[in-house]
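Engineer: Keeping their order, the protein sequence lines are chains W and H.
Going letter by letter, the first sequence gives residues 828 to 1182 in the numbering used here.
Going letter by letter, the second sequence gives residues 828 to 1182 in the numbering used here.
These are calculated hints, taken from the structure and not from any lab test.
Heads up, a few of these hints could be off.
Because identical chains share one entry, a pair is satisfied inside a single copy or across any pair of copies.
Said to hold, decoys possible - With a straight-line Cα cutoff of 30 Å, these simulated DSSO-like cross-link-like pairs (lysine-lysine) come out:
1) Lys837 / Lys929
2) Lys904 / Lys955
3) Lys942 / Lys1176
4) Lys1116 / Lys904
5) Lys1139 / Lys1084
6) Lys942 / Lys1116
7) Lys1109 / Lys965
8) Lys1109 / Lys929
Number of protein chains: 2
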Amino acid sequence: MKAFEQNIRKVEPYVPGEQPQGQVIKLNTNENPYPPAPGVLEAMQNLEAHMDTLRLYPDPTSDCLVEALADYYGVEKERVFVGVGSDDVLSMCFLTFFNSDKPIFFPDITYSFYKVWAELYRIPYECKAVDKDFRMIKEDYYGENGGVIFPNPNAPTSLYEDLEFVEDIIRHNQDVIVIVDEAYIDFAGHSALELIDKYDNLIVTQTFSKARSMAGMRIGYAIGSPLLIKYLNDAKYSFNSYTMNKTSLVYGTAAVKDRGYFDETIHKIVETREWAAEEFAKLGFVFPKPSGNFIFVSHPDYDARELFEALKAEGIYVRYWGSRRIEQYMRVTVGTRAEMETLFDFLRKYIADRG
Amino acid sequence: MKAFEQNIRKVEPYVPGEQPQGQVIKLNTNENPYPPAPGVLEAMQNLEAHMDTLRLYPDPTSDCLVEALADYYGVEKERVFVGVGSDDVLSMCFLTFFNSDKPIFFPDITYSFYKVWAELYRIPYECKAVDKDFRMIKEDYYGENGGVIFPNPNAPTSLYEDLEFVEDIIRHNQDVIVIVDEAYIDFAGHSALELIDKYDNLIVTQTFSKARSMAGMRIGYAIGSPLLIKYLNDAKYSFNSYTMNKTSLVYGTAAVKDRGYFDETIHKIVETREWAAEEFAKLGFVFPKPSGNFIFVSHPDYDARELFEALKAEGIYVRYWGSRRIEQYMRVTVGTRAEMETLFDFLRKYIADRG
């Protein structure tokens, strides 16, 4: 090793889900099977007519997008922070809010990036084990800590906790920042945004990558008290003043404005999910009650890794981790009804072949 | 102050240049006065026809853009890293490469973000004073350090140092990483990319925001040894696996491919710069020899802040900092010939009015 290599920061990188190209059934990264709102196409055509504006820096305050989100949720603009996907937003939140010597708390089965950011920023952390049904135990979050973060619905389990549960954790942690990561809330139930006026230590994060069909545009946001949002913006401006490019501001704004299309898309996905859950059950799969746009399934008779590989060989991509406690589970995104039919045709055959 | 506020990381935010809207002459953030390459329009139309693909995550490896850059510069793909503007790239470089207890070195008059990142990541640093003509003194960079970074041409001075000077600094610092920030190199002279095979501790960063007319798309890149690029990617994947959105990959790739348009645009800007430098000189302004797409001017008879405010009142935006050693200087971006004529008309009148 050369001398200059000694001081390079070595990081164990997060491995994102595969992004296979070509004709496959892609149920592995919880994307939306439906296209973005029709208004986005119009926004693309408008921007095309002004493509010369791409030579200029985008608005560093992301004003149009912040305003559209503030309008949508009926909150003040000062309560909204936007970033390059909710990963960017959450990473900024870790850096800004989890700055104590005490450990932050999050579930042991959860979004795998939490651990990566904690290690990257050298934030002490403690993982609280979910119970045998993958439920968080709220009393585990009462102890002294440097902050709390959990997704609701949780990933990859798809389990949703009601607002009473969420509020209980916030109420017991008013001296630290509590982040509720709601990437999948639109498929589930009540958002913790309903608690935002009551608790000024609460941050709720959401994304355009799931319910809004825009994973390709990388847009996420956080809503909280104006004070917390100000601290987040101060940190963000120090990294990079212009993180949101012109297209994400313009196309993102168009996507937020079409409430009707948004509601309709979610309705279709939830309908497909409920039907798919029944089909999985008929085939003997077990799974926690799904509340995201994905189902976390296991089969008592078939090895999850083998099944995952068999699906992949058929061009059907689902997500498999093989990590502790979830070795026998796969996460299956809810695609279109047709995509799911193809999946179930294969599963029926797979099971029949094995008797 | 509430208890939860104690542990929030407080950062002194960088203040970006103003982004005024409406009919102004914008010579304050070194944007290119010419539109992006015509191929970008075609790429926009193509993507429009496939807008449904925005629902999918972008390629996390940014392969098409990395390949286009590798082809352009005649290097292997493993030597190219892309990010959300060169600010994102440089910030990742600070985090990854400047991980020693020894101070990193950079000039006292330089890009103001270096100090911000060093403080954000708690990297010790020493600023080396440029001489009275704003030139870096290369011997100042010979001492023991944790890394070196400097822009070439430097900002906001617009001074270019030849490759012999750059190589001398690299040669004296082979045990640490040396970053040459070449945001403005295309307007100047030889790039340190010519040294990339010879020194495996060298990182060269460039951007799409200046010579490539795409500040609005936020694209920057670093080129270095495959080992250094691997470390950068590991760190980047830990923050956010999908930083480059679909549009920046597609439009950026189109922009790189049109070498003819790129050369032509640069030629026009350099021509305008040379003419504008003569005009400034005729009016009694002094300035270091400009090598970027901007000129760093001062006038012995007129206060820089007053002149800056007078220009702004006319709708002509230039950049003024008022910070130590450069209180009497303004940075003027080279716009179109017509924009510069308007600037000089005003300056002639301003001087005449004051006798």
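Engineer: If the cutoff is 30 Å on CA atoms, where do Lys904 and Lys955 land: within, between, both or neither? Let me know, please.
Structural biologist: neither (35 Å within a copy, 42 Å between copies)
Engineer: When no copy is specified for Lys1139 and Lys1084, does a C-alpha distance of 30 Å or less occur within a copy, between copies, both, or neither?
Structural biologist: Answer is neither: 37 Å inside a copy and 35 Å across each miss the 30 Å cutoff.
Engineer: When Cα atoms must be at most 30 Å apart, do Lys1109 and Lys929 count as within-copy, between-copy, both, or neither?
Structural biologist: Neither, since 47 Å and 64 Å both go past 30 Å.
Engineer: Is it within, between, both, or neither for Lys1109 and Lys965, if the alpha carbons may be no more than 30 Å apart?
Structural biologist: neither (32 Å within a copy, 74 Å between copies)
Engineer: Checking Lys942 and Lys1116: alpha-carbon separation at most 30 Å within a copy, between copies, both or neither?
Structural biologist: within (25 Å within a copy, 50 Å between copies)
Engineer: For Lys942 vs Lys1176, is the C-alpha pair at or below 30 Å within one copy, between two copies, both, or neither?
Structural biologist: neither (39 Å within a copy, 62 Å between copies)
Engineer: For Lys837 and Lys929, with the copy left unspecified, which applies at a CA distance of at most 30 Å: within, between, both, or neither?
Structural biologist: The answer is both: 24 Å in one copy and 18 Å across copies each meet 30 Å.
Engineer: 30 Å Cα cut-off: does Lys1116 pair with Lys904 within a copy, between copies, both or neither?
Structural biologist: neither (35 Å within a copy, 45 Å between copies)
In this structure, the earlier hints numbered 2, 3, 4, 5, 7, 8 are contradicted, and the remaining ones agree with it.
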